Amino acid sequence: MRQYWINFKGNQQGPMSIDQLAQLGLDESAYVWHSGLPDWVKITSVPELSMLLSGNAQPTEQHHETASEEVPELPEQEPETTGEDVPSLDNVVEEPAHPQQVAPVQYQQYQQQGVPLEEVPKCPPTNLVWSIIATVLCCSIPGIVGIVFAFLTKKYYREGNLDKAQRMSDYGAWAVILSIMLGLISMPLSCAMNIFKMAM
Amino acid sequence: MTTKRIVLTTLVALIVLLAVLVYFVLDPSSPAMSKYFPKCPVYWFTGLKCPGCGSQRAIHELLHGNLAGAMHYNALLMAAIPVLVLYLIADVIKRRYPTLDNVLNHPATIITILTVVVAWTIARNIWGF
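Protein chains in written order, with the working numbering: chain H, 802 to 1001; chain E, 266 to 394.
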């Protein structure tokens, strides 16, 4: 049977079975993790556990079914490695604490789709400040390209196209790096040229 | 702060301090000194002025408190400094006051910055400032 780790009202417990979890009186604020998940998730997003929330014992038969399906995976889920396997909860706890970080404009869009505030995806970095610095100080052509990518990052983010926004953000970062590299290369190169000219 | 971060911050601060010192003491615009300062690769190869051309001379003038001189060498740099400060402030206070950060990172704002930079680059190559 699948083992769960639970974080509820600041207390972390686990490994536990579904039956044990049912006795805790959990509500929607709980976070859960089991092997196979990359990180902690809200309990509401785990289908077999969200039934526990209302407090009815109805889903008992149902999770017995799921349990039998999961038997082949059992060896992986040996709770020996308990402490190490559980990802750190720090980032999860921190996430809902600063909901204002999310731009209200973007939030409205997600609100219509019923996404809770803390789960609204954040915009990937635009690197705009670095692009401007690169434009006025280093090699400016890639700097301008960096500003273009900053614009595209925000544009795709606002359209809800997160994958493309992330890609544009990465390109922008590369443009800034390229700008700094070109600036660093041209520095000794132009000095060497000057010395060469003087020697002639 | 981790040790790595402290080392990194100190290193960056030292480099900035060194650069400030060099640009304060040495004048990149004097004929004797100019050959020791790095040339803009864009100007070097194309003969066209890029938006960053003149920044070294402008920084030298700025460090001597000569705002008009700095404006003369690179007005865009002078315009960029308050804008960058504004971006930093917006980033620091964005948890409590997200509005400023949202406005500054709005696609329309970014496209405005881009237009200003491109327009200025074209203008300085036409009229030669």
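Hints are computed from structural coordinates only; laboratory data are not their basis.
Bear in mind the structure is a predicted one, so any value in this text is a computation, not a measurement.
Built from N, CA and C at the ideal position, the CB exists for glycine as well.
Please note: incorrect hints may appear among the correct ones.
Claimed, not checked - Distance ranges between label pairs, derived from CB positions: (1) E:R360 to H:M999: 50 to 56 Å; (2) E:L349 to H:I978: 17 to 23 Å; (3) H:L854 to E:T377: 45 to 51 Å; (4) E:R360 to H:R959: 52 to 58 Å; (5) H:R968 to E:T274: 27 to 33 Å; (6) H:K998 to E:S294: 14 to 20 Å.
Hints versus structure:
1. E:R360 to H:M999: 50 to 56 Å: 55 Å, holds
2. E:L349 to H:I978: 17 to 23 Å: 19 Å, holds
3. H:L854 to E:T377: 45 to 51 Å: Between L854 (chain H) and T377 (chain E), where Cβ atoms are some 48 Å apart, the hint holds.
4. E:R360 to H:R959: 52 to 58 Å: 21 Å, violated
5. H:R968 to E:T274: 27 to 33 Å: 30 Å, holds
6. H:K998 to E:S294: 14 to 20 Å: For S294 (chain E) against K998 (chain H), whose Cβ atoms are near 19 Å apart, the range 14 to 20 Å holds.
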